[in-house]
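Heads up: the protein sequence lines correspond to chains A and B, in order. Just so we're aligned: 55 in this note's numbering is position 55 of the first sequence, and the numbers increase by one with no gaps anywhere. Every position in the second sequence, counted from 1, becomes a number in this note's numbering once 1000 is added.
By construction, these hints were calculated from the structure, which means they are not laboratory data. Predicted, not measured: the structure shown is a model, and the values here were computed from it. One or more hints might be untrue.
BS3-like, lysine-lysine: derived pairs with alpha carbons at most 27 Å apart [to be verified]:
hint	chain 1	residue 1	chain 2	residue 2
1	B	Lys1110	A	Lys9
2	B	Lys1176	B	Lys1110
3	A	Lys9	B	Lys1270
4	B	Lys1279	B	Lys1208
5	B	Lys1221	B	Lys1279
6	B	Lys1110	B	Lys1181
Per the computed footprint, the stretches of chain B lying under chain A, defined by three or more beta-carbons under 8 Å from a beta-carbon of chain A, are [as the list claims (entries may be wrong)]:
hint	region
7	1046-1052
8	1063-1076
9	1079-1086
10	1101-1109
To give an idea of the interface, some chain A residues facing chain B are shown, with a C-beta separation under 7 Å as derived from the structure [claimed, not checked]:
hint	residue
11	Gln79
12	Glu83
13	Leu84
14	Asn193
Cβ atoms here follow ideal geometry from the backbone N, Cα and C, with glycine treated the same way.
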Amino acid sequence: MGNITTIAKRELSAYFASPVAYVFIVIFLLLTGFFTFMVGGFFERNVADLTAFFLWHPWLYLFLVPAVGMRVWSEERRQGTIELLMTMPITPWQAIMGKFLASWAFLGLALALTFPVVITVKYLGNPDLGVVAGAYIGSFLLAGAYLAITCLTSALTRNQVIAFIISVVVCLFLILAGWPPVTNILTKALPDNRWIVELVSAFSVMTHFEDFQRGVVDSRHLLFFLSVIGFSLFSTSVALRGLRS
Amino acid sequence: MIKVENLTKTFGPKVAVNDVSFTVQRGEVLGFLGPNGAGKSTTMRMVTGFLPPTAGRVTIGTHDMLEDPVPAKRLIGYLPESAPCYSDMTVHGFLSFAAEIRGLRGDAKKTAVHRAVEMCFLENVLHQSVDTLSKGYRHRTCFAQSIIHDPEILVMDEPTDGLDPNQKHEIRQLIKRMGEKKAIIFSTHILEEVEASCTRAIIIDLGKVVANGTPQELKRKAPNAGAILLRVNGVAAEVVTGKLRAVDGTERVQLVKEENGTVTVRVLPKSSTNGEFRKGVSAAVQGWRVEELHVEEGKLDEYFRSITASDTAKE
Chain A
1 MGNITTIAKR ELSAYFASPV AYVFIVIFLL LTGFFTFMVG GFFERNVADL TAFFLWHPWL
61 YLFLVPAVGM RVWSEERRQG TIELLMTMPI TPWQAIMGKF LASWAFLGLA LALTFPVVIT
121 VKYLGNPDLG VVAGAYIGSF LLAGAYLAIT CLTSALTRNQ VIAFIISVVV CLFLILAGWP
181 PVTNILTKAL PDNRWIVELV SAFSVMTHFE DFQRGVVDSR HLLFFLSVIG FSLFSTSVAL
241 RGLRS
Chain B
1001 MIKVENLTKT FGPKVAVNDV SFTVQRGEVL GFLGPNGAGK STTMRMVTGF LPPTAGRVTI
1061 GTHDMLEDPV PAKRLIGYLP ESAPCYSDMT VHGFLSFAAE IRGLRGDAKK TAVHRAVEMC
1121 FLENVLHQSV DTLSKGYRHR TCFAQSIIHD PEILVMDEPT DGLDPNQKHE IRQLIKRMGE
1181 KKAIIFSTHI LEEVEASCTR AIIIDLGKVV ANGTPQELKR KAPNAGAILL RVNGVAAEVV
1241 TGKLRAVDGT ERVQLVKEEN GTVTVRVLPK SSTNGEFRKG VSAAVQGWRV EELHVEEGKL
1301 DEYFRSITAS DTAKE
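If we strip away everything but chain A, and leave its shape as in the complex, we get:
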């Protein structure tokens, strides 16, 4: 545990040592604000909830999370510091967890800084704060799932741009598999095989994020996000072992 903390601390300080952290937070906040109020029609809806806010998160994270996570392992490989890290008296798993948790905590911080939206909606009306909390949990898990996928692609290449693009594509697939326009097409194409459509959309983050948005913290959805994270991080350890042999 001590080693994980040490790695995570170093990783977090690396974010804040460069302008990356500040640029990311500012852009994230600007974009969430823009999508909530301009595109999402927060005021036009005339309802005191945050649907217009959370609706955009899977799409915003699609680009922003890979931007945060792409450097996690590829930078380590590019600088050669992976040779230091892997000869320290720690297990690869501790390094993977430390790095993942640090980046996740950073994303959590950015998410937490959207609190003025909650204050706004509370000021304007009487929202169900339980629903808001559930949606925040869902959003955080969603970011974690994207991040774990980005960690994996980052471990596969020393080129950050490639890591970024592959992560975006994989995450996009995880959105589209359950996005109504896509599922509608599938339903029409396979009218007799509903189960295929359901199977495909079960892999989508949209399906699982939806309930969180309604404030439902269902263990099945929790399990989905945690297993995406677990699987991706496990694959990261396999990828890291592979590149050393």
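Following the hints, put chain B in place on chain A, whose structure we already have.
Okay, now just chain B, sitting in the frame of chain A:
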């Protein structure tokens, strides 16, 4: 402290390290020599547990590197070839991180960082970001990282690469001093370094160990070791070579230089430790005006070249 048995590493069809075995005891400084691409770095990466070997075993202290990597790695300090550092950290931050991950906390951490900074002369750049450092400082920062926990075993891949002559000297002195209490392996292709700080040297070529011994033993194996260099004045070259060739135990006589009536020749003996041969030569030169006469020690680089010539054939 370090035991390497039949270590082999292949990358696809390429055999990088082929059946390498050696041991290093406490108090020994092992110099690892070889041409570029001979497998030095790959061997070191396997010793430090970065690369898993294709075959063979590495034992550090009492721990097997493959089965028990964490306690084994705890005993090692490692300076990789390119001296990588986290460039987004300050020197102090980086060393604190290294100390912390080695399990040092609180005062022990502070003392360790302070000691490493002092040993590597890093006071001036302590709060500077690593990516603003010159190459020499960056190298020393990584070196400081490797000795931060006062390890029993030090593995250094070209520790003096890219340093200026003063820094090279400092690092060599440091290695020599630390070598009294630790087991050290370092690789280099600077041969004088081996003579300056090693108690033993291994020469590796095309992934195989081709020589293993003290620097003195290796020097003695050089082609010219034990040869007598002679400079005489006022005698014709043919007379000199003719007379010396007749000496008992002479293998051959080499004419090195001939100018202004001064002849320089090298007399190579049949075996390097032949007292009769030396006496014979001294007898033969009686009456000549001898300006110089000495027994050549043999040079490490000559020996190195004589056994690693294969390198030029590659790629």
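Hints that the structure is at odds with (numbers, increasing): 3, 4 and 14
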